[in-house]
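Here the protein sequences line up with chains F and D, keeping their order. Residue -2 is where the first sequence starts when you use my numbering, and the numbers rise one by one after that. Residue 869 is where the second sequence starts when you use my numbering, and the numbers rise one by one after that.
Any given hint could turn out to be false.
[Said to hold, decoys possible] Pairwise CB distance ranges (calculated):
#1 F/Asp107 to D/Gly964: 36 to 42 Å
#2 F/Ser51 to D/Thr888: 19 to 25 Å
#3 D/Thr883 to F/Asp56: 41 to 47 Å
#4 F/Ser103 to D/Arg877: 30 to 36 Å
#5 F/Gln78 to D/Thr954: 17 to 23 Å
#6 D/Ser952 to F/Ser51: 39 to 45 Å
#7 D/Lys933 to F/Asp76: 44 to 50 Å
#8 F/Pro5 to D/Ala920: 22 to 28 Å
#9 D/His909 to F/Asp107: 37 to 43 Å
#10 F/Pro79 to D/Gly885: 38 to 44 Å
#11 F/Ser25 to D/Asn941: 24 to 30 Å
For the record, the hints were derived by calculation from the structure and aren't laboratory data. Here a beta-carbon is modelled for each residue, glycine too, at the ideal position from N, C-alpha and C.
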Amino acid sequence: QQQVRQSPQSLTVWEGETAILNCSYENSAFDYFPWYQQFPGEGPALLISILSVSDKKEDGRFTIFFNKREKKLSLHIADSQPGDSATYFCAADNMGYKLTFGTGTSLLVDP
Amino acid sequence: EAAVTQSPRNKVAVTGGKVTLSCNQTNNHNNMYWYRQDTGHGLRLIHYSYGAGSTEKGDIPDGYKASRPSQENFSLILELATPSQTSVYFCASVAGGRGQLYFGEGSKLTVL
């Protein structure tokens, strides 16, 4: 049972475009949603996160949009750069001290 | 910068053999985790720990044991390795609560 779902599985965008990565969840108790970025051969690293009391979180070119009613969120990467090519994981937590990760979206930014 | 070190980075084991994956963190973090990463499944939690002497089962603990002998070290033990346990394993640590998870670089395990 996959409690956190991500789509698409893979995404290719041109340099300068906005990449949109989607995430949905089932457990209404989840209230913290971090996104992790992973480059090949490395461990994931925290990119940006949002609490369920907010509907938007920005950090430079990265923005999370959150819809609590629909249990959906999305990560928007504006002005995508080749260096953004990586796998992105959506995760969720309900203060259980353990994150539940999605299956990931592999992003390729073509120059 | 928080540091999490895993060893070995690559391991080939035989079916039925014992495998121990080790993790060391110098961040003085309380919580440590073991995940496995497989294509199509993302990261799945195997075991975690709140501190020295404690271990808790994650979402897929079957076939795995964990040991936390000290604040710094957290091991994952496969007593009888099987080919289905071929995967990349990640250790992570966090101070607690909603803090950032710091991951190691991963240990690639192949069970033949």
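Evaluation of the provided hints:
A beta carbon spacing of about 41 Å between F/Asp107 and D/Gly964 agrees with the range 36 to 42 Å that was offered as a hint. For F/Ser51 and D/Thr888, the Cβ-Cβ distance of about 42 Å falls outside the hinted range of 19 to 25 Å, so the restraint is violated. Range check, D/Thr883 to F/Asp56: Cβ separation about 46 Å, and the 41 to 47 Å hint holds. In this structure the hint that F/Ser103 and D/Arg877 lie 30 to 36 Å apart at CB is violated, the actual value being about 23 Å.
Remark: the range hint 17 to 23 Å for F/Gln78 to D/Thr954 is contradicted by a beta-carbon distance near 34 Å. The hinted range of 39 to 45 Å is satisfied by D/Ser952 and F/Ser51, whose Cβ atoms lie roughly 40 Å apart. Look at D/Lys933 against F/Asp76: about 47 Å separates their beta carbons, and that is inside 44 to 50 Å. F/Pro5 and D/Ala920 have their C-beta atoms about 42 Å apart, which leaves the hinted 22 to 28 Å range violated.
Roughly 27 Å separates the CB atoms of D/His909 and F/Asp107, a value that falls outside the hinted 37 to 43 Å. Taking 38 to 44 Å as the suggested C-beta distance range, the pair F/Pro79 and D/Gly885 conforms, at roughly 42 Å. In this structure the supplied range 24 to 30 Å is violated for F/Ser25 paired with D/Asn941, their Cβ-Cβ distance being about 37 Å.
When held up to the earlier numbered hints, the structure conflicts with 2, 4, 5, 8, 9 and 11 and fits the remainder.
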